[in-house]
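S.K.: Chain by chain, the residues run as shown.
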Amino acid sequence: MSQSTKQPNRLAAGGSVDRTRTLKFTFNGQAYTGHPGDTLASALLANGVDLVNRSFKYSRPRGIVAAGAEEPNAVMQLGASEATQVPNVRATQQALYDGLVAYSTNGWPDVQKDLMSWIGKLGAPFMPPGFYYKTFMAPASMWMTYEKYIRKTAGLGRSPSEPDPDIYDHMNRHCDVLVIGGGPAGLAAALSAARSGARVIVADEQEAMGGSLLDSRDRLDDQPAHAWVTTALEELAARDNVTLLTRTTANGYHDHNFVTLHERRTEHLADSAPTIEGRRQPRSRLHRVRAGQVVLATGTHERPLVYGNNDLPGNLLAGAVSTYIRRYGVIPGRKLVLTTSNDHAYRAALDWHEAGHEVVAIADAREAPEGELVEQARKHGIRVIAGSAIIEATGSKRVSGARVARIDRDGFKVVGPVETLDCDTIASSGGYSPVIHLASHTGARPTWNEEVLGFVPHTVKGVTTTGGARGVYPLADVLADGAEAGAVAATAMGFEVATEARHVPQATVVTEGAACALYQVPHEKPTLRAPKQFVDLQNDVTAAAIELATREGFESIEHVKRYTAMGFGTDQGKLGNINGMAIAARCLGKSIPEVGTTVFRPNYTPVTFGAVVGRHCRELFDPERYTAMHQWHVEHGAEFEDVGQWKRPWYYPRRVNGRLESMHEAVVRECRAVREHVGILDASTLGKIDIQGPGAREFLGRVYTNKWAKLAPGRVRYGLMCKDDGMVMDDGTTSCLGENHFLMTTTTGGAAAVLEWLEMWHQTEWPELDVYFTSVTDHWATMTVTGPEARKLLAEITDIDLDRESFKFMDWREGRVADVPARVFRISFTGELAFEINVQANYAMHVWKTLFEHGDKYGLTPYGTETMHVLRAEKGFIIAGQDTDGSVTPEDLGMHWAIGYDKPFPWIGKRALSRSDTRRTDRKQLVGLKPRNPEVVLQEGAQIVFDPQQTIPMTMVGHVTSSYYSPTLESGFALAVVKGGHQRMGETVYLPMVDGTIHEAEIVGTQFVDPEGARQNV
Amino acid sequence: MFHIYCPYCEEYREEEEFHPKGQAHLSRPEDPDDCSDEAWGDYLFFRDNPRGIHHEMWVHAQGCRKFFNITRHTVTYEILETYKMGEQPTITAETNTARPAATASSADDRAATEVKGAQGVQA
Ligand SMILES: [Zn+2]
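If you're matching them up, the sequences are chains W and L in order.
The opening position of the first sequence corresponds to residue 106 in the working numbering, with each subsequent residue numbered one higher.
The opening position of the second sequence corresponds to residue 713 in the working numbering, with each subsequent residue numbered one higher.
One chain only, chain L, in its complex shape:
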């Protein structure tokens, strides 16, 4: 129904083929034994909860089984871009200049609640 662009399949696919896996760009410390308990606890348990731009990891579970990243707006729920694992987002809280949505439609400006100024981009 809702279409999400899989950067590996290179096409828009049904939302039901995907599911989210939480915050993106978390990297496991190279040497866990070198981490303090607190640092390891931060890695394990603490996640960002921004109002606005958020980078999330998703998986094309019923498709190519590839993990990839999504830049999503947590107020409008708009998916702003999708990109491969290992790549960096082009849209961030700092650079938030919305470009064509990665949700399928012949229109670029899909439904998106108007977000008031800086509130929407606070990380």
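Excised from the complex, chain W in its bound form:
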């Protein structure tokens, strides 16, 4: 048969690749060609690329082993540009496209040159099993050094250092029956379910549906199997109750039949999604499916045999050899030796022979192999060596021979002479493992089935496994089983499944002989001295390492796995886990199920962060909330602070002499403006809750610590809210708007939680109170005008009488401000004369600008949250959540004046305030701190000690909760909680810092400026 000169291993005919079109790609910088229909792996094999990676621990050359998701070696870094880098892509699952750029992830710096030999040579002694613990844990500091290199060489790939240009979708879906796997069982299940009228989703991870039928030798209804696949897909596609998702991996099964499907929409086209009419297409889509019933038709993974040097390039799974020949028209060598424990693998030899290449021999571990495929092989004149296996591959960078010997499986020894066969390819098969990953995600433990020599899944209610996934292997049985599973699922969802709906095509019956149990092949030398026999190719775990682990006392497979790192690669040990368990079982003299079961966790294959994140990134990560005056703040150069979802002006740096003020300079200027002239704050973000009803007043009395019975309309009161454990939860002012009508304010961050808190108490404890709560935070904009000139400024634009006798401190009045309806509250969070103006939010910008039109002559200065913090702290006003942390009572804050112990109803928090713990006199209490050095601004969060001489660990007695520089005091100052602080006025405390400095501070009262409150009451 002639070969393409450019692709030496491409067959002239066969497979479903389009040989009329050529695609260019590069691998490790070298240019190659392939065809549409190729995967990156089939194209590499077509080009005769043997070496695709270097192994993780020993730096051994590695080639392609498999043709699907289980591939451990051909793990690639993809992407033509820095921004489009994708790590951990299995070449076997990546469709080839023109211009594809791939690199080995392990091969740094050059897969061909073994520059990692320093570690490879050190390998055995340097990295014995458990090396993470033994070597790297001891000198902890060295781990950082090793880790960098090991990561780089360990096939973990790298993430792009530039922003991802792509977008990713999430989509919620509901269906009656979700079928996972589009092979014979899955398609049969989908057909019977769909024919009943159920809404069906079929997901398959490959480029095309059909699974094993795409490279099957079997015939269905006397047609090639793939022809029936086409017919079945046409029927399904024509139904509007069916959604077919190819290139879609079911990565996780979660509670209540919630399954995540990762659909790769454009990764077969380019390394970045194409644009259509200028709009970028989503690169991938995460389908969040809530299914009534789930059918798992995930098939099997073939197990390789474990023999010496079984990792050399040229060692492949038998089934993969068939797939490359039959599906891609690629033959990965010239001379094949097959080593097998079963009939099914004979297909590889037959396909190889039919492709016109030499099958040197088949080493069959069974004494008397018989069955149709065996007979066919013999008929073709292929030598079958019974009772034997390949015990060792020979070669340096590629297989050059196979050492075959007669073996005693039960005695685990070589019992005959060794014959070396000349070959360049070894296909091996140790049987088939049901793919039980998703079934494991359900939490149900699989059980070992001696008949199929594999773990078969247990499933939960609402989940059915079918076909190979539950150990049903002959094609005719698989189809019938699939049709039944689909029918069962549809019936469970209330659909009627007619007999003819279960119709499946007639399969040719191929009689196969029984398989034998073979995992690790014995060698002439004991395992510890034999050539390396690899179990987990991705993590370089050998049979010897597992044997060593069992000798060191590890008996549970979970411990062996952790000690050897078996199954901890990105492939989760899809190929190696069962073999590893079998080896551990042999060493321990136990059976496989006695050693344990395998547990798999989501995700089945690696998923990019982009797909997980979807659209929840950048500006859509979290909503941003803006006040009505936001645009003004932006135009006036405000720096913003995030408070919850709100963007609040933090400070307004001005340009002075061509230079922008620092935050410190701006805050000093803003503070002075408020204390000396007049400032304005956008306080719209404060939570506002409108409370109405005959029970409103009583309700307030129960949720606040202080008294509300006598608050008259037109008056405002500060309120403190506790949880029932007596700890402060929120605070704010509440105004009496009418006898049965109040307006409560909350902290910006507490607004939603307080509303829910009020609703909870009303609905669950006191439904008899007739009261209603409505959030009006967004309806009203709030601007605080404060400073000695506040009255004069406001008087220019309001009809409200601002006379200090008729409009007292803690009054509110209704009227017009800047010609719009307004509520004005005489409350102060700065300690200065202050008016809080509330107007309907859509009028707010107008009012704000009008204030500035009139405010210039008074020096009206906008200030932000930083200045607000300085001014309130100077007055000892707390911020709930900053000066309190859920362990602070009103008493701890020194706010006895806000506690109504004699209120008749046992209000929330009251009882807890008389518990022994809350009565302690050495509780942490809020105090002021004055640093001895006025230039020092103490660190917020800094720990406080009484005795700076104490050896570490020192006794910590409190911490700083708020700390700023005060332009008024010309000194740093702080609020802090200190054990028994209220009784320690004038004492000195110490604040040891990380750099060894110890600050000294004096405990003082919390009111640093105007403790008599004269300034706000003018």
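Keep in mind that the hints were calculated from the coordinates and are not lab data.
Misleading hints may appear alongside valid ones.
Said to hold, decoys possible - Calculated lysine-lysine pairs in the DSBU-like style (CA-CA distance at most 35 Å, straight line):
1) L:K733 to W:K913
2) W:K752 to W:K980
3) W:K815 to L:K733
Values in this document were obtained by computation on a predicted structure and should not be read as measured data.
Following the hints, position chain L with the ligand against chain W.
M.R.: Chain L with the ligand alone, transformed into the frame defined by chain W:
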């Protein structure tokens, strides 16, 4: 995505509209001042953590803002019923006979891990 039946809205709604508020049927002592420190501490801090049937308070936060109760299985996470504040559950650890789930689906028997015998219903 996941649907929960709100007994006030009387329809199945998205799980994201709801959130849990802890153990249900906790009633605040009528006269807290009459409680010992220990009794008050029990009310404040101690909660059941059963394996199996659990009654929880939830709130339809992004919906009607109503609080209601859910009977939920802590092993399978299955929601067995939802009921209004002030009502009593029909399914308890003692009477656990699962009835149609209050999670939406046209099928009654939604995914539920098989629970072995009495383990699942221990309170
Ligand atoms: Zn509702």
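S.K.: Work down the list of hints and note, for each, if the structure agrees.
M.R.: Here is what the structure says about each hint:
1. At most 35 Å may separate the alpha-carbon atoms for a hinted pair to count; K733 of chain L and K913 of chain W exceed this at roughly 42 Å.
2. Between the alpha carbons of K752 of chain W and K980 of chain W the distance comes to roughly 25 Å, so the proposed pair stays at or under 35 Å and holds.
3. At roughly 34 Å between alpha-carbon atoms, K815 of chain W and K733 of chain L fall within 35 Å of each other, so this suggested pair holds.
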